[in-house]
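Chains A and B supply the protein sequences, listed in that same order. Position 59, counted from 1, in the first sequence is what this note's numbering calls 59; the numbers after and before it change by one each time, with no gaps. Position 574, counted from 1, in the second sequence is what this note's numbering calls 1574; the numbers after and before it change by one each time, with no gaps.
By construction, these hints were calculated from the structure, which means they are not laboratory data. Every residue gets a Cβ at the ideal spot worked out from N, C-alpha and C, and that includes glycine. Please note that the accuracy of each hint is not assured.
Straight line, CA to CA, 30 Å or less: simulated DSSO-like cross-link-like pairs of lysine-lysine [said to hold, decoys possible]:
#: 1; chain 1: B; residue 1: 1229; chain 2: A; residue 2: 32
#: 2; chain 1: A; residue 1: 13; chain 2: B; residue 2: 1287
#: 3; chain 1: B; residue 1: 1158; chain 2: A; residue 2: 106
#: 4; chain 1: B; residue 1: 1540; chain 2: A; residue 2: 51
#: 5; chain 1: A; residue 1: 8; chain 2: B; residue 2: 1139
From chain A, some residues computed to sit far from chain B (all C-beta separations above 10 Å) [stated by the list, open to error]:
#: 6; residue: 8
#: 7; residue: 33
#: 8; residue: 38
#: 9; residue: 51
#: 10; residue: 54
#: 11; residue: 126
Here's a subset of chain A near chain B, in silico, CB distances under 10 Å, partners left out [to be verified]:
#: 12; residue: 32
#: 13; residue: 39
#: 14; residue: 123
#: 15; residue: 125
#: 16; residue: 127
#: 17; residue: 131
#: 18; residue: 134
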Amino acid sequence: MKKVKVIKIDVDKCNGCRACEAICSAFHAEPKYSSTNPERSRIRVLFDPLKDIYVPVLAGEYTEAECNGRDTYTINGKEYDECSFCRASCPSRDLFKDPDSDLPLKCDMCEEEPPLPEPLCVQWCLSDALTYEEREEEEEEEENPREMEIGLESLIKKHGAKTVMDTVARLAKG
Amino acid sequence: MRYAETGVNLEIDLSRGSIEKEGSDSRLTELHLGGLGTNAKILWDRVPPEVDPFSPDNLLIFSAGLLAGTPAPGANRTIVSTFSPQTLLMAYSIMGGFWAPELKFAGYDKVIIRGRSPKLVYLWINGDKVEIRDATHLKGKGALATAELIKQELKEPKAQVAAIGLAGENKVYFASIEQGRSSASRGGIGAVMGDKGLKAIAVRGKKDVNIAQPAEFMELCNGVLEYIKHRKENPIKGVPPILAGLGSPQEMSIHDEQWHTASFAWGNARHRRKDFWNKEIEKKWKKTQDKAVERLISCYNCSMECGGIITHPKLERYMMKCYSKLTYTMAAMSDLDFGFKIAGLAQEYGVDGYTTPQVMAFALELYEAGILTDKDLPGFPSDNEERFFWLLEKIVRREGIGDVLADGVYWAARKIGKGAEAYDHNTIKKHEQIPIKLGVLNPIYYIMWSTGEKINITQIEGQIPQAPFLTKEEREEFVKDWVQVPKEEFKDFVLNWEPRTLPYYPTIEASCELVEWQETMHYIDDATGICAGLSSFPIKPPYHIHNLPSFISFATGLDIDEAKLWQIASRNRNLIRAINIRRGMRRKDEKPPEDHWRKRYPEMEAKLLDEYYKFKGWNNNGIPTKETLDELGLDYVGQDLEQRGVYKEKKAKVAKSASKKETSQPSPGTKSAPKGEKSQPKPKTKKDSKK
């Protein structure tokens, strides 16, 4: 079993105060808590009060290229910006990049030793827009050997055993 | 490296179109902290008293509080200071929201604006890049609309914008500076911004704000959060719900308006409607509010949710906070739906939510009394609510009678004449006050209404319950965890407070001490930029005189203890008083409206001022003495006042001392209540009929 850490986001409860941004940037400052700068935060609240849109977003993976085509979501009559729910540090937007080095930022769930009971953005969110959950998940099982056999059998059927073996040998050499 | 502050101010001269970055003197931080304190120092040094508020030589200063942008919860205030066209004294108004932290992240503590631009411009502060940009296309645009348009044209949705609306452009004496979630609205500072030809300041920053002792500082911040959670679960018992919690009064979530509707006066600060609130109205207003308030919102790094996003079928979404929910409603003797409707429009025009409704209700009284006629108000609607909309349009455009009313009640009354002055019954130092009219004089409040430099009671009061607890058990329970008191003896004020002991409770001596405590906490907040709603305003706040010195010391690296902090607050307070003294303010100006209390006690009131002035180290004319100023390191201020001859002025005429001597007590509170003071004759103002 492995532990999965989840920050649950309730956009209806977000009041837009950005305490999460303040504390995240302080925690990740070097030395710890020595400075605050929301631009370095790994969580940002994307908000547009006059449309009543409030979306806390946690920094996810860096991506080299922006999406090919976009979606927009309309929820309860409110149209959200096309990148509203995306966690990527991406060339298309000015988000989740260190303002000095431009290197991508990524949420690490405030990992440290000894571990914190909850990531700090959750601790500082008194409106409970952010809540924390840990759950156990089954480890992904080893690949079933039978699956590989089925795959190879179908390849041999199509290309012949020799071609398949030659190809495997060549790939194995690197 | 500078801690908590950036150490850099922006100096903008709009006449010349110049932009300079100036390092600030760290010694001034030690003396005045920042925010209002250093603003006052700049105004003293650079704006001589002869300068008219609408002169290019007047300065308009936007300052972040010293702790704004640090992780200290609720440290987000922008302190705007200048000279008021209405009072002609120093004006300072303070707004929450997100502007001040963003300014810090952009790398500046203050934006100091002088001069006047020949055409309408806005300022774009994008970190190191600062530009004065054309704003002629924004002329006449609403304050919120302006912010949206600027963010769009800059392609910077994260920029924070403070803007004026039409009222500021037209130099309405009660024009505000709006920032969406918050506004700096008192004293007509929006008119000064309009006079300077400055439509807005947009700011965006990506730099660090540093903390000197991070670990210690964070421990304090976490303590504040824990305390906020504790208070959420444990509201103060025995006080009205609106006073039981933290934050600015929770007007966006609280439905029970018994306290405001019964205690505050309706119309032109005229009628008490003690029986107004009933089940039926509660049901109706709750429905209105639940429909209007779409979401509760907060300022930067604060969980209090004092504001709301308001939707109304007739309006674009807007943001509201606190008592502006009821000021228009009550001035118009109308209902809550009207309040939501007109407040949104008023915010776009950028006018003060306290003064504006009163000016309009004042005009209506003059009309009903025949002082203003149909000739003065051509096309004046017959419907009550429409009249308020009509007046608002005239005022913000300075059209017809609106041009007169746009100067506020005091100046308008004198311009209109024909007895209109008698209807100016709720101003202090030419500034409209909260519409509250009470029965018996309260000595603490007498001093605060009279001497508050901001001329606005909510910016000086706080900390203490407003009515006595009925039983001894309740009082003892209340003081048990009252850690905020500066001295243990202050608890006696609550412990010994029996019902119906006003105006003789507490003693004059105790009143002076309690007033000083209340105002000191405000002066600290106004320098640090911590929201009064978590500090100087509510009862039992998380920030108080015992932990604030550590907050400031750990953040800045300065070594500040309670005594030093108290002295800094006193220095700032005396400096602001000296600025106003230099502009002509004297004892004669220091009085609450005549009808503020039904029963008045002229001799006791004179004594209250005498004693408070003495207690503060001011002379009998309300002027800080040379010795007081010297002790605070403000000797240059004392010398200036001396050169101007203010100490040689004839002493103010003072009523004879009270016939019965007050028994002075060593600590706040006394049970003795000498009787027999004469009540003052009723104010002459005509009582108008209820609609």
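Here is what the structure says about each hint:
1. For the suggested pair residue 1229(B) and residue 32(A), the alpha carbons sit about 25 Å apart, so the restraint of at most 30 Å is met.
2. For a cut-off of 30 Å, the pair hint linking residue 13(A) to residue 1287(B) stands: about 21 Å separates their Cα positions.
3. Distance check on the hinted pair: residue 1158(B) and residue 106(A) sit about 20 Å apart at the alpha-carbon level, within 30 Å; holds.
4. Distance restraint check for residue 1540(B) and residue 51(A): the Cα-Cα separation of roughly 36 Å exceeds the 30 Å cut-off, and the hinted pair is therefore not satisfied.
5. Restraint check: the Cα-Cα separation between residue 8(A) and residue 1139(B) comes to about 44 Å, which exceeds 30 Å; the hinted pair is violated.
6. At the 10 Å boundary, the C-beta of residue 8(A) stays outside the reach of chain B, the nearest C-beta of that chain being 18 Å off.
7. Against chain B, the non-interface label of residue 33(A) is violated: not every CB pair exceeds 10 Å, the least being about 4 Å.
8. Distance to chain B contradicts residue 38(A) as a non-interface residue, since its nearest Cβ pair spans about 7 Å, not more than 10 Å.
9. The claim that residue 51(A) lies off the interface is violated: its Cβ sits roughly 7 Å from the closest Cβ of chain B, which falls inside the 10 Å cut-off.
10. Distance check for residue 54(A) against chain B: the nearest CB is about 7 Å away, which does not clear 10 Å, and the non-interface claim fails.
11. Listed as outside the interface, residue 126(A) is inconsistent with that label: its C-beta sits roughly 4 Å from the nearest C-beta of chain B, within the 10 Å cut-off.
12. The beta carbon of residue 32(A) is positioned within 10 Å of a beta carbon in chain B (closest approach about 6 Å), and the interface hint is therefore held.
13. Taken as an interface hint, residue 39(A) checks out: its beta carbon lies about 4 Å from the nearest beta carbon of chain B, inside 10 Å.
14. Proximity of residue 123(A) to chain B holds as hinted, the smallest CB-CB distance being about 8 Å (cut-off 10 Å).
15. Because the smallest distance between the Cβ of residue 125(A) and any Cβ of chain B comes to about 8 Å, under 10 Å, the interface hint for this residue holds.
16. Among the interface hints, the one on residue 127(A) holds; its C-beta lies about 6 Å from the nearest C-beta in chain B, closer than the 10 Å criterion.
17. Of the supplied interface hints, the one on residue 131(A) is violated, with its beta-carbon coming no nearer than about 14 Å to a beta-carbon of chain B, more than 10 Å.
18. Given the 10 Å rule on beta carbons, the hint for residue 134(A) is violated: about 22 Å separates it from the nearest Cβ of chain B.
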